[in-house]
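J.: Position chain B against the provided structure of chain A, taking the given hints into account.
These protein sequence lines map, in sequence, to chains A and B.
First residue of the first sequence: 1, per this note's numbering; consecutive thereafter.
First residue of the second sequence: 1001, per this note's numbering; consecutive thereafter.
No lab work stands behind these hints, which were simulated from the structure alone.
None of these values were measured; they are calculated from a predicted model.
Note that beta-carbon positions come from the ideal geometry of N, C-alpha and C, so glycine has one too.
One or more of the hints may lead you astray.
[Unchecked claim] Computed far set for chain A versus chain B, every beta-carbon distance over 12 Å: (1) Gln8; (2) Thr18; (3) Thr27; (4) Gln56; (5) Gln69; (6) Ala71; (7) Lys73.
[What the hints assert, rightly or not] Think about it this way: if two alpha-carbon atoms lie no more than 20 Å apart in a straight line, the pair counts; the simulated SDA-like pairs of lysine to any residue are: (8) A:Lys55 <-> B:Leu1097; (9) A:Lys102 <-> B:Val1019; (10) A:Lys55 <-> A:Ser74; (11) A:Lys70 <-> A:Thr27; (12) A:Lys102 <-> B:Ser1065; (13) A:Lys102 <-> B:Leu1088; (14) A:Lys102 <-> B:Ile1026; (15) B:Lys1057 <-> A:Lys70; (16) A:Lys55 <-> A:Asn31.
[As the list claims (entries may be wrong)] The following residues of chain A were derived to be distant from chain B, with all beta-carbon distances above 10 Å: (17) Ser7; (18) Glu10; (19) Ala16; (20) Glu17; (21) Ser22; (22) Asp26; (23) Asn67; (24) Thr99; (25) Ser101.
This is what each chain is made of:
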Amino acid sequence: AQTVTQSQPEMSVQEAETVTLSCTYDTSENNYYLFWYKQPPSRQMILVIRQEAYKQQNATENRFSVNFQKAAKSFSLKISDSQLGDTAMYFCAFSHTGTASKLTFGTGTRLQVTL
Amino acid sequence: KAGVTQTPRYLIKTRGQQVTLSCSPISGHRSVSWYQQTPGQGLQFLFEYFSETQRNKGNFPGRFSGRQFSNSRSEMNVSTLELGDSALYLCASSSGLADNEQFFGPGTRLTVL
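Isolated chain A (complex conformation) (with noise of 0.2 Å):
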């Protein structure tokens, strides 16, 4: 079975700046997703990045991009220009492409964006 491994129960960052969160995963599988979802105090999730594992190119949203790893199994995402409106829940997801609709979550990261 996969699992996902968020190591930062919490973390801070001050606006405008830039932060990392890390995840790790573990799967025997080669095809397989990996997500970002923010879930912000009002509990609505959203995707924030999407990786294809066959993908060696780094998947970037504006402000956000991803560090993919794919020998460590390491999967980081880097917000750059942090804004207030970031402060949220961040989860780490993992899905199996023949099994895309049943995501696999880490426990999350609590962002917390300070002026």
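T.: Relative to chain A, chain B alone:
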């Protein structure tokens, strides 16, 4: 395009009762997945329905069941409620294709007393 809707948003039940939660996916989406979120266990996959058939299942007891209707709306039922069933229940909809993004609803907060 309307997002994923879940009803009710909040629910209070007592032990031993049963409960039914509803999820309406985004128009055109055929897959609905359900997740349980608790402070202790985090986010856990319950099951997925695609075209009215259960396609994937997590490791939950048989008290947790679901179904999907022809219009893709899905219901989740929990029988003989236990205190530990108190959680935020999230549903997510997608096209059901391999390369698909899941869109989550706002969740139903279930409290079991």
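J.: Does each hint fit the structure? Answer for all of them.
T.: Evaluated hints:
1. Gln8: At about 15 Å from chain B, A:Gln8 clears the 12 Å cut-off, so the statement holds.
2. Thr18: 26 Å, holds
3. Thr27: 15 Å, holds
4. Gln56: Answer for A:Gln56: holds, closest chain B Cβ roughly 17 Å.
5. Gln69: For A:Gln69, whose nearest Cβ neighbour in chain B is about 22 Å away, the distance exceeds 12 Å, so it holds.
6. Ala71: 24 Å, holds
7. Lys73: 19 Å, holds
8. A:Lys55 <-> B:Leu1097: Judged against 20 Å, a Cα distance of about 19 Å means the pair holds.
9. A:Lys102 <-> B:Val1019: Judged against 20 Å, a Cα distance of about 23 Å means the pair is violated.
10. A:Lys55 <-> A:Ser74: 14 Å, holds
11. A:Lys70 <-> A:Thr27: 11 Å, holds
12. A:Lys102 <-> B:Ser1065: Within the cut-off at roughly 16 Å; holds.
13. A:Lys102 <-> B:Leu1088: 17 Å, holds
14. A:Lys102 <-> B:Ile1026: OK: A:Lys102 and B:Ile1026 at ~18 Å, within 20 Å.
15. B:Lys1057 <-> A:Lys70: Violated - the C-alpha atoms of A:Lys70 and B:Lys1057 are around 27 Å apart, more than 20 Å.
16. A:Lys55 <-> A:Asn31: Holds, at about 10 Å.
17. Ser7: Non-interface label on A:Ser7 holds, nearest chain B Cβ at 14 Å vs cutoff 10 Å.
18. Glu10: 14 Å, holds
19. Ala16: 29 Å, holds
20. Glu17: 28 Å, holds
21. Ser22: Correct as stated: the minimum Cβ-Cβ distance to chain B is 16 Å, above 10 Å.
22. Asp26: 16 Å, holds
23. Asn67: 21 Å, holds
24. Thr99: Answer for A:Thr99: violated, closest chain B Cβ roughly 5 Å.
25. Ser101: Contrary to the label, A:Ser101 does not stay out of reach of chain B, its closest Cβ about 5 Å off (not over 10 Å).
The earlier numbered hints that this structure contradicts are 9, 15, 24 and 25.
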